[in-house]
Amino acid sequence: MRPSNHTLLINAVIAMCKENSNWIHPLADLGFEVRLIEQTMSLTGGTGSIKPDVVVTSNRHLHALLFDCKGGRNVDEKQADRYRKVTPEDILRWIAIWRPERLAHDVCFLSLESNRVDRTDKFKDFPLLVLSEQSLRKIGSFSNSHVEKKFQQPISIEKEMKQPMSYYPFSDQDDQAVILPFVLRAIVAHLMDKRRGGNVEVNEAMLDNEEMMRKLHPMWQLISLEQQRVIRTKVRDILRTILRHHQDFVSKLQGVEPHADIPVILANLVETCEKMIAEEEKKTRITDYPTE
Amino acid sequence: MSIVAPLPKVGSRKEFMDELDSMIAPPKPEVTDTDETRGRPTLLKSYLIETNTPLATGYLFDHTTAEVESTGLDTIKILTMRTQLDSPRSTAAQFYMDVSNERFLVLYTNYRAEETHAFVEKLIDSKNYEFDNAWLSTDTLKKLAAKAGNKHYGFQVDYKDIFSQSDNTDEITPQEDFRLETTGIISNKALKLLQQDPLVKRTMGYERITVGRGTKGRGVLEEMTYNGRFSVVKGKSVDDHVILVDTLKAEYVRQVKEIESRQIYGNAEKKTVEGTSFDLEFERKVEDWNHYLEVIFNAKAPFRLWGIRSSISDKVFRVLAVDMHTGHPVDFEITDQMIRVYLPQGSCGNVILRLFVNLQRYFDSEITCSALG
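Chains as they are written, first to last, in this note's numbering: chain A, 1 to 292; chain B, 1001 to 1373.
Hints listed in this document are in silico derivations from the structure and should not be mistaken for laboratory results.
Each residue gets a CB set at the ideal place from its N, CA and C atoms; glycine is no exception.
Accuracy of the hints is not assured; some may be wrong.
[To be verified] Derived DMTMM-like pairs: lysine to aspartate or glutamate, alpha-carbon spacing no greater than 20 angstroms straight-line:
| hint | chain 1 | residue 1 | chain 2 | residue 2 |
| --- | --- | --- | --- | --- |
| 1 | A | 159 | B | 1336 |
| 2 | A | 122 | A | 174 |
| 3 | B | 1300 | A | 29 |
[Said to hold, decoys possible] Over 12 angstroms on every C-beta distance to chain A, these chain B residues come out as not near it, computed from the model:
| hint | residue |
| --- | --- |
| 4 | 1058 |
| 5 | 1127 |
| 6 | 1253 |
| 7 | 1269 |
Turn these sequences into a full structure, and let the hints steer you where they fit.
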């Protein structure tokens, strides 16, 4: 259930836009709000497309920041070239902002100190933010003076501060081992939802229910249709595996009768869930996890 | 058991208040041999409860029925609860139910507390309906006592350390429990003295508060508990009782709405990430993480949360939980100094207050949550 580096960094950006005394919030201080997450955008001035991980905008400073969160060390040169071709029009096709004619933007790479990207000459023109347990520091420059000033000095992260990691619990790029616990929980939540009047069927048709998908991912309505399709496919595969190989989980849930002792049934279910998660984690070669 | 003296229907707010008035100042009980003919001799009690589904005309749960009837006044219903219908031990109780807020209901009754408490608990624990009691923090109770016209008269602390493993020792006396009841105008001074001790300070979550309002001739002395129960101890002013109930209800509704305004979701229309997490901070050290997480996420009262947990690093845990009150998912990140909660869209804000109030009562009464003010 530990998020990948990539997802961890997406959460870091979202959390920096939220006022919270237990996490740094330089972007919230400048009025930035999260507007898009992992949205593919076509380029007006050239062929191809970009897929920034998070786009944040500030009406106060009429500025957009396109974050590319790097879980690994490499930056694709072609990707950097495409980012250079982004225009305000490309952004404004997706989001509305006050006084759009004055919108400016920066593309910013975000990386973990423990797995910092190699800042080669190929993308030295982009600002890079490096996140460690102790600080957030900037390399390079932002075009907006307010943003530049805010990040000029490293921003200290106090020992007590813990980075939020559940605003965006997983991405379409995450492994099944990361997504599985959310599927298990969504199934339990769906079946325990008292408004549903006792429908306790666990089957693939559950995934056609938008409410079920919103229980699975809080950002479901914000993420792109393309991403929704990928996640739905991954979840379907997970559900098929559960139905085929984990009948004990299914039968424990489907066997819930109106007067059953639900806390006892659910207590027994925890162990089953944890076993399934451990098995899936063993199967997955996880290369993207933080190294501390 | 049939209802001996059924609550009369009321055609106006005045008639309703007059009925409450007769409950707060009941006639002297008749001296008879059986319970059934002894009428309703006890004092007025009220319960602040919450329902997350529209009110039905009837409920059936755990060998108990609950019927909701109209009174002729839209905002007031009569709730009749009966249990063990075919048994000689069958009991029944009636309540006036104020539904002026369809989600936050107030039940008024003068049936005996041992019966009405049990009925309300059964209603709340019923598996198929989304009822819960109100969760009133110590601060909320103190603030009520400090409001104009009210007097803080006393408090009760009933700290049970359900997180401690000391029950596993061979001691006959529970080692960590602490019970204290104090009344009188110097109780606030006593509280200040007690809070000077760092250990005692962390056990001072209120079980209930006693508040006086009005005068001896026209006023009430009232006990209010952390779970939204109000009992008139002395006095005959139904007006002052209703003022106290309504004031606390308004504050509770405000808190729940405030919490729900921070629900986390992706707003497709505005293209924004709405909401923020809640950080509950505490200083008490967690001794046994397994036990700590088990107590909070075992799906049982008082927390009513179920969850799949995982360790992220030393003393950092993530729990994917389900709120048993409504069946909504809730995400948790837990460290040795904080519990961070993410409330998704559509979930009930009561989950944050339930967690906060019960941690205050059973873990560390000094716990804080900036969002709860």
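Structure-based check of each hint:
| no. | hint | result |
| --- | --- | --- |
| 1 | 159/A <-> 1336/B | 12 angstroms, holds |
| 2 | 122/A <-> 174/A | 28 angstroms, violated |
| 3 | 1300/B <-> 29/A | 41 angstroms, violated |
| 4 | 1058 | 15 angstroms, holds |
| 5 | 1127 | 6 angstroms, violated |
| 6 | 1253 | 21 angstroms, holds |
| 7 | 1269 | 9 angstroms, violated |
Going down the numbered hints, you'll see the structure goes against 2, 3, 5, 7, while the others check out.
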